[in-house]
Amino acid sequence: MVPTNYYVILSAILFGLGVLAFIFKRNIITIFMSIELMLNAVNLAFVAFSQALGKLDGQVFVLFVIVVAAAEAAVGLGIIILIARSRQTLNVERVDLLKL
Amino acid sequence: MLPGGHLLSVLIFFPAVGALALLLLRGDDHKFIRIIALIVSLAEFLFSLLMIRAVPVGATGYHLEEYAKWIDQPPIHYHLGVDGISLFLVILTTFLTPISILASWQSIEHRVKEFFVMLLMLELGVVGVFLSLDLFLFFLFWEVMLIPMAFLIGIWGHERRVYAAVKFVLYTMAGSILMLVGIIWLYNATGTFDLPTVEALLHTPLSQGGLELAPRTEMLLFLAFFLAFAIKVPLFPLHTWLPDAHVEAPTAGSVMLAGVLLKMGTYGMIRFCLPLFPEASRRAAGWVAVLAIIGIIYGALVAMVQPNLKKLVAYSSVSHLGFVVLGIFAFHNISMQGAVYQMLAHGISTGALFLLVGMLHDRRHTFEISEYGGLATPMPKLAAFFLFVALSSLGLPMLNGFVGEYLVLLGTYQRHWGWASWAALGVILSACYLLWSYQRVFFGEITREKNRTLPDVSAREKWILATMAIVTLWMGVGSTFITARTAAAAQSVIDEVEPQRPYEAATPDSATPQAKLDSSGAAKAISSERLGIR
Amino acid sequence: MLPRAIDIYRVLPELVWCGFGVLVVLMQPFVRNRHFFTFLALIGTLAGTAASVSAAMRAGPGFDGLVQSDSFSFFFRLLVGTVAFLVVLAAGPYLERERLPFAEFYALLLFATAGMGVLASAQELLTAFIGLEMSSISSYILAGYRRDSLKSTESAMKYFLLGSFATAFFLYGIALVYGSSGTTMLTKMGSEELFHSKLFELGLALILVGLGFKVAAAPFQVWTPDVYEGAPTPVTALFSAGPKAAAFALLLRIFATVPAATHFWFWAFWGLAALTMFAGNLGALVQTNVKRLLAYSSIAHAGYILVAFAAVTSMARDGSAEAAPAYAAVLFYLLSYALVKLGAFTIVSQLGGTGEKNLSLDDYAGLSERQPFVAAALSVYLLSLLGLPVTAGFFGKFYIFKAAVNSHLLWLAVLMAVNSVIGAYYYLRVIVMMYMRESSAEAKSAAPVGFPLTVNFVLAFTVVGTLYFGLFPNRVLNFILQPALFGR
Amino acid sequence: MPKYLMLEYLWIVPLLPLLGSAANGIFGAKWPNRIVDWVAIGSTGLSFLAALEAVREFFDYFTENHHPFQKAFFTWIAAGNFRAGFDLQMDQLTVVMVLVVTGVGWLIHIYATGYMAHEGGYRRFFSYLNLFMFFMLILVLAANYVLLFVGWEGVGLSSYLLIGFYFLKKSASDAGKKAFIVNRIGDFGFMLGMFLLFKTFGTLDFVALFAKADPWPADAMGHLGTLTIACLLLFTGACGKSAQLPLYVWLPDAMEGPTPVSALIHAATMVTAGVYVVARSHILFTHAPTAMLVVAIVGCATAFFAATIGLVQRDIKKVLAYSTVSQLGYMFLACGVGAFSAGIFHLMTHAFFKALLFLAAGSVIHAMGGEQDMNHMGGLSKKIRRTYVTMLTATLAIAGFPPFAGFFSKDAILLSAFENEYGGRTVGYALYGFGLATALLTAFYMFRLMFLTFHGKQRYDEHHVHVHESPDNMLAPLMILALLSIVGGWLAAPAFLPGGTDYFAKFLQPVYGGAEVAAAEAGAHSLELWLAGVAVVTAFVGAMVAYWLYLKRPEKADGLVKSLNPAYTTLLNKYYVDELYAAVVVKPLLWISTKVLWQAADVAGIDGTVNGIGEGATAIGDGVRHTQSGNTRSYAVWVVVGAIAIIAVIFFWPFGGKTVIGMVR
Amino acid sequence: MTASLAVFFALAALAVIGAVSLIVQKHPIHSALSLIVVMIALAGLYLLLGAEFVAAVQIIVYGGAIMVLFVFVIMLLNAGVEEHTSISKMAGAPGLLLVVALAGFVAATIARSTESVETTLQTGEIASTLGISNMIFKDFVYPFELTSFLILVAVLGATVLAQREKS
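Chains as they are written, first to last, in the working numbering: chain L, 1 to 100; chain W, 101 to 634; chain Z, 635 to 1122; chain V, 1123 to 1787; chain E, 1788 to 1954.
Derived by calculation from the structure, the hints in this document are not laboratory data. All C-beta atoms, glycine included, are put in the ideal place defined by N, C-alpha and C. It is possible that some hints are incorrect.
Stated by the list, open to error - Under the rule of at most 25 Å between Cα atoms (straight-line distance), these lysine-lysine pairs were calculated in the BS3-like manner:
hint	chain 1	residue 1	chain 2	residue 2
1	E	K1876	L	K99
2	V	K1193	V	K1291
3	Z	K785	L	K99
4	W	K562	W	K481
5	V	K1579	V	K1674
6	Z	K822	E	K1925
7	E	K1876	Z	K785
8	W	K550	V	K1292
9	V	K1291	W	K481
Claimed, not checked - Pair ranges (Cβ atoms, derived):
hint	chain 1	residue 1	chain 2	residue 2	range
10	Z	A1080	V	A1151	16 to 22 Å
11	W	G386	V	A1151	50 to 56 Å
12	Z	H830	V	E1737	48 to 54 Å
13	E	V1942	Z	M691	32 to 38 Å
14	Z	H830	W	S307	42 to 48 Å
15	Z	M691	E	L1884	51 to 57 Å
Could you build all of it, start to finish, from the sequences and the hints given here?
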């Protein structure tokens, strides 16, 4: 059997990579993808815990998270399109009109 | 509801009613507005005189109390009351307000309505401060008063008015917020905001259900309160807001600021710091006295070299208020009485000085002493009034300044001769700066052509100044009318902080052993003890 | 087990808000009259708020404890409902002026309000998460509602990216909490062993990160000024009053309900509070844009509220009775703050002019001469923010001070005092501008900005509310001070 | 009807001048000079009459009751156990003072109506002058130190006003200011003295205080006991008011005032207030031998010091001013050696002849059209004969020629100094020696003044100066005072004269007790005679030297000036004391106040700190805002930072996150 | 090493490689593909954990819908190779360090704390789709209904944001 530990640690690593990606990617879409990566990491943790606890609710949570992710994706991509249209760039560092 | 009617509430809220009435009036009929404001403030003054009857001579405690529930949790009450000390401070306020209104009769030309509204709101706040017997209520009025004053400075002031107004608010808030923390802390310890109850609790021994604060706690609480008051006074080195505020404020603002607002600080020390935290007060007294003495001398010296007349008067306030603080923290009934008296006297004489400086400014639009010179020639009456007021300010006997100063020094000397001796230097220095500036402004040949044709006092100004002069004289001669009424309250404060030993005159018997001794070291030690070195 | 009627009642406000939201969306293609939507939205927000009364009358856990209808949620539902109502009133003229679609705005507003209601009433982390997302996603869209404005879209993007980023943390926190406690129900996290569970602590920490982001606690506050500045001003008003209050509500419920949470968190809140106050106030010192200044100020105020949290968490293990004043402080502060911020942003929105051009402090010079009543109202708000008496802000601050001192948090109280003074400086700057400076020539020559009836109503409501709660806070205090604030 | 009507209403005496002052001051602007005259002279005259009546009643009262008359009118200040009443008192000392003040004051008022006739600010002048009378009367009538202090400060004020009467002249207003401030320095000591007395005795009423002090044992010599310190503090006040070293500097400058003022205030009355206070407090002083010694030494030193300066002054009023300082020194010398009655006696005679000198000098100046430099006078004796005669009388009196008043009073003082018991014989001889030297110098400079002014060559331009005798209302007071300068001394005829009895000392006996008179009479007549002889010879020598130097061989005087140039210059510049004070006290104080206290401490230091905190906050704010880079990536890092921080606090905080109830955080 | 463990490691490695690749890839479309790899690997892990329904949803919704949306948008916007700017000072080495610290700490805590729940794995019977649906529609019906509104919001948002100007 695979210890739950392993799953959760994997999820932590993936979550960390997601954070890293958020910080190191410049393309807004990729950044958004890194958020998806983080959510996936969360899902993995949920499922692992659910399994470990012998409860199903963890899996239910995953479904909710996926729904939320989908909704976010719709809105987020909408915003990205808006940005891309108005600024002709997808580099997040170029979008810094608001500052200080 | 305690007996006594609602006189105090009326006193507090009547200006608000007046202000509201003014707000509803149309803003363009300036004369009408001025008259209404004057009538309101005069009526308020008359109301305040009614209080005198209610405060019997020699009676301690609060009179005309009003008590109503306001907020349940924490229990905050609308609790008002007046005693000998606050009585005259309120009257001083209500007296100076119509004077200020008259003084602004012509010099305020724009936003007239707002000006008088602010003035009346200021009166409300100040009267409220003096009459509140609930710590929370006290704090509330304390803060409420800030805004009208800031507006008075900021809107109708001179060139750097905004800087001065902001500085004034920030300084005061810095202290008062800490006081709020202190008030809350005190509430936590006692469970009430009611001043008499808190006082009673703190003075009851632990064994009898009272409360004893740990020394450190008491000291911190004392400091929290004291800082707020010291800034307001202002005590050296927290005084730098004062010159700016005064210089930039319009005449009425300066009069109220110097006349009444500064007294809120010393009033707070008498009403809160000493009775609530006697032990801490005793421990801090030495430091406070040192600051007060520094303030006296320092304020006077700095005043002496000011090229700006109004700043000079402002620094002189620092010096004068130093006497008050010293008198309070000498813990002697005479000095305490002197401090209370000095508060009132300073209100009148410095108020009058600011009025006069304002009148000069109305004519020449400058405060620079170098712009004046020889003014006694075109305006002898103004010069005469100025001299009279300057003399009262420098403490000439038979004028009001002397009584307070003398009592402060006398009382202080009884406990700490060193303090009094240093402070008495202020007596010399006040003569220096006032007479020197007077000479530079009024004496000599006229050096600026513009000054040659300046008009002397108008009828309105004459009446203002004459009123101030009469009060000055009356306070200088008939001081017992006031001291008789403040005595009991002052005494009870002293009793709370440090019960006085009954007076024992030194007798030759007690001195005999010393006389027997040769002029050796031992004799010196004894004599210095007799001198009051403690 | 299917939902019973009582469950429905207990979430009625949210359902009503959502229902009206759907209604607006459905009507959108068929009705051209914009005022109709305004009217509908007003009815919707009011109806939802009214429904919260009915929910409060049937207090108790709903859906097996997913949500809780108690005084606490009642308070917040009333609050967010009123906020939404006022935002609808204030937004009408703005949308008109900026030529923005009405229906979608109101629908999103209603959904966001529903999300906040969920957040305030949720007793279970996942439900709370859904509520949070409802309000957040609506907010993202609202922030970018002025699509032709670069700032608005940028605001939306930043809010969206960072918000989702923080949400991921929040979610991971939920996962860890779930993993360590086996449940996401706040009421079931009472077991003794959780006191020693590092995993649980870590989960809570990540939840705190997520919620800290939402309430703009430093160092998660970075997004706030940008987003507040860029978003359409009525939306900013909503942001500063609504979602923040709701996030605080959840935070409070977590740290009030979960014993293990209450216990260990004192220093974290202490640090957050101190940092947030300073970040907000110091940042605001140098701002010249009114909107941005108010944004920084709202960071500072989050800091003040966090002081009360530090007080809550320093209380004894399960001392909800003792901690009641501290909870009350949070609630009262949020109330006073919401009123003030709403009013202030409404004025900013109205004075901003088409395209929100006039946002600089200089544009406020001499306002008291041009528009005395507006200046007076703004002064009341600013004084309330400053914490001067006879305003609600004063009592709010007073209660927080009291909570802090109660918990012996003297240094924090002192820091808060220092911050109040710093804050006073920049609030005064605005007042100084309005009252003590001359208008610029063009401002003088321009006609005064019109204030439509609805906006005036908002201003009157908030001013009166601010003063009323400043003078007579009794009722609301007695309500929020009741020991059984959190129905249990 | 009370028995002693005037005593019962004693307040009338000071009140009359006050009313006069107020009437002239407030309403006088519209009155012609004549009415102003009437008000001023009338009020002082009535006051004089009232004083006379009061004195008469007092004698009756005293024979009946054998103690000073006292009456409390109202309580002025009261606090705790302190009470200062408006209480007036009359005893023999008061009688002398009241009569001198009202009498001489009245004469000078009359004189002033002539002298000031053509000056602007006429009614202002008389208003001030009457005000002065009021305060001076308060001073001498007061029954406690506090009320005395009222008069004390009040006369200082009047002096300030009158010195600065010509306020258009900077030197005048400077002098007024200087007078007031220097007096205040003395008052500082006086106040502290009062405080100490109150601390010790619990009262400041003369009668009660002295009654308590009397049984005290005297402090040992050289020992700073309470009484010694109190006395020294009071004496500081006296030094200020009576222009003693080192506070004498204001008096010569005070000559900027109109001459009647110099006569009344700065010669006859106010400046003697210090002597009066010491005499009034004699019970305290006799309990403090150290203080007595200090008084004597200061008095003697001042007498000699001022006389040396007086030797070379050119301004006629300056000479008289230094002479006044010198004579005041004599009075203190008398007090310091325990001869209070001699001091008071000299005070009285000095009031006569010094007032006369000033008035006569005023007459001269009047005649010369304002010229005060003696180098521009000379040979006036013919032109203003009556002035000359009266002034000569006064000069003889001050120089100490018998039988003029000065002889008797000065003689008594020198005798007492010779017999001084405080500090031993040697001290007494030294005091006597310097006193005698001063007498020599006095005679010299007074005759120098006379010769330079009235004799010798005419040194003014007759075309510009129209010399004329003064009007009668100026001359009449001169004559009366001249008469007094002659006969005034006879009251204290020394014992060596046939039938000579010191009536004056006897008169004051109730005040000073029997001991003093007995001591005075016990002195060997022969010694007294010898000393008197020496004094007369000394005065004669002084006068002769002046004659020789200024009339006989004027070129010698110039030669002397040349050969003794450094000394001469030093004297001419008054030992550079003013310059010294300016350099050591005034300038450093102003510099420190401006540069250090105001600009460095206040503006830069305190305000700078406050503003610096503000600027610091703004700077930090600017830093904070730079974390707001606008860059989403950075923002994300901040979130991570926050997460790490929270975790760090929860997991690694030394306090473990656990709360300790009751701990202050 | 059991077979399941081997599968776990294989999938875990795949997921990590995918995630790293997401970061390393310059072109967004490559990143998107990397993310899909991660998702598929995760789906595998879900299967390993006995959560078949979740695995299915993962593939269908995530891989099938969401990622397609991403790719679609990338195509739509014609996003090219990522522009390399380093304007942010924070998001360099310090950011890397911080993230590593954070993730390391979280992982370490988990490693130490979850031992207690290790392998209390109860397979099979409860992990049924029936159970899940029961939970969704009974226990979690309220949030479930709320998600419907959430999706409505998303739809609304997408239309508001992305619609062309009416002008």
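Hints versus structure:
no.	hint	in the structure
1	K1876(E) to K99(L)	holds (14 Å)
2	K1193(V) to K1291(V)	violated (44 Å)
3	K785(Z) to K99(L)	holds (10 Å)
4	K562(W) to K481(W)	holds (8 Å)
5	K1579(V) to K1674(V)	holds (12 Å)
6	K822(Z) to K1925(E)	holds (19 Å)
7	K1876(E) to K785(Z)	holds (23 Å)
8	K550(W) to K1292(V)	holds (20 Å)
9	K1291(V) to K481(W)	holds (20 Å)
10	A1080(Z) to A1151(V): 16 to 22 Å	violated (58 Å)
11	G386(W) to A1151(V): 50 to 56 Å	holds (54 Å)
12	H830(Z) to E1737(V): 48 to 54 Å	holds (49 Å)
13	V1942(E) to M691(Z): 32 to 38 Å	holds (35 Å)
14	H830(Z) to S307(W): 42 to 48 Å	holds (44 Å)
15	M691(Z) to L1884(E): 51 to 57 Å	holds (55 Å)
Violation of the numbered hints given earlier is confined to hints 2 and 10; the remaining hints are satisfied by the structure.
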